[in-house]
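A.B. asks: Sequence:
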Amino acid sequence: MFSHLTAAALLGLPMSYAMEAETRLHCIRPITMGQARIDGVVGHRALHPREVVMVEGLPVVGLADTWVDLGQLVGRGKPVGLDDLIVVGDACATALESVIPLRRALAARVRPRGKRTLLEALDLIRVGSWSPRETLARIMLVRAGLPEPKLNVRIYSMAIPDLLLGVGDLVWHEERPGEEDIKVIGEYQGLAFHGNRPQRLRDRRRRGGLESDGWQVEDIWAENMADRHPRELTVIRFAEALRFPVGGLDLSAVEPQFLSRHAIFEAQQRDDLWRERQYRRA
-10 MFSHLTAAAL LGLPMSYAME AETRLHCIRP ITMGQARIDG VVGHRALHPR EVVMVEGLPV
50 VGLADTWVDL GQLVGRGKPV GLDDLIVVGD ACATALESVI PLRRALAARV RPRGKRTLLE
110 ALDLIRVGSW SPRETLARIM LVRAGLPEPK LNVRIYSMAI PDLLLGVGDL VWHEERPGEE
170 DIKVIGEYQG LAFHGNRPQR LRDRRRRGGL ESDGWQVEDI WAENMADRHP RELTVIRFAE
230 ALRFPVGGLD LSAVEPQFLS RHAIFEAQQR DDLWRERQYR RA
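Per this note's numbering, the sequence shown starts with residue -10, numbered consecutively.
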């Protein structure tokens, strides 16, 4: 059956540029069979059984098992990183309507490759994300120390309960007795979809309806996710909207993360060992 990156592509899972750049086909056979050795094919052997689904007549490893298999492709010089596993994990969990299948698939394996990175990714995987960019925006804000938002919440009018004002990408709603409630919506805006005039007019009308109902709408523009300084400013803006102390933010955490904490720790240990050997030689 098709597996790993090939399975991810066939299942329609979001993939980074590095993941999409892999042009070889990945397939997997039971451990009792020989490894496939064909030009343009990466053969894997499965010690543990996988769920199999049919995609346009092709046997493909299922969502949860594919997510675990991607752990084999994590690390320096490999195409999959920590944030990739969170993005793919969000897509899998949303499709499966639960994170539990991912946990079970990982627990069913004995010492799978990339286990520590998979476990770290699990802590930030949530049900409800509608796009990879929403996931990346959410984990940026949460890693910096902000409260966890709810995802893609339907917002109804307080005055007219049956009137749908819109769906918020990232939503914070906290009642605070004695002071004004916190009602903040974070909207991821990509120029490809939100840059044209008709869509901007629809966004403006929608935003007006939400703001008239007491919601504060904060945009997260795609171009502000590319560099560190705009990312920091975005986090600070959300902190102010949420009345979160800016001094309590960890702005060092706003950058995308490819390596897990464990991998970074091991790399630091190797560097320290190398420096110690160089010092002794000197």
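Warning: the hint list may mix true and false statements.
[Unchecked claim] Just the calculated beta-carbon pair ranges, DEER-fashion:
hint : residue 1 : residue 2 : range
1    : Pro38     : Arg165    : 30 to 38 Å
2    : Arg165    : Trp210    : 22 to 30 Å
3    : Asp208    : His162    : 17 to 25 Å
4    : Arg26     : Gln205    : 30 to 38 Å
5    : Glu169    : Val41     : 47 to 55 Å
Treat the hints as calculated values from the structure; they're not laboratory data.
The beta-carbon is built from N, C-alpha and C at its ideal position, and this holds for glycine as well.
A.B. asks: Determine for every hint whether it applies to the structure shown.
C.D. replies: Here's how the hints hold up against the structure:
A hinted range of 30 to 38 Å is violated for the C-beta pair proline 38 and arginine 165, which are about 51 Å apart. Against the hinted window of 22 to 30 Å, the Cβ-Cβ separation of arginine 165 and tryptophan 210 comes to about 29 Å, which satisfies the hint. Between aspartate 208 and histidine 162 the CB atoms are about 18 Å apart, so this pair conforms to the stated range of 17 to 25 Å. At roughly 59 Å, the beta-carbon separation of arginine 26 and glutamine 205 lies outside the given 30 to 38 Å, and the hint is violated.
Range check, glutamate 169 to valine 41: about 53 Å between beta-carbon atoms, so the 47 to 55 Å window is met.
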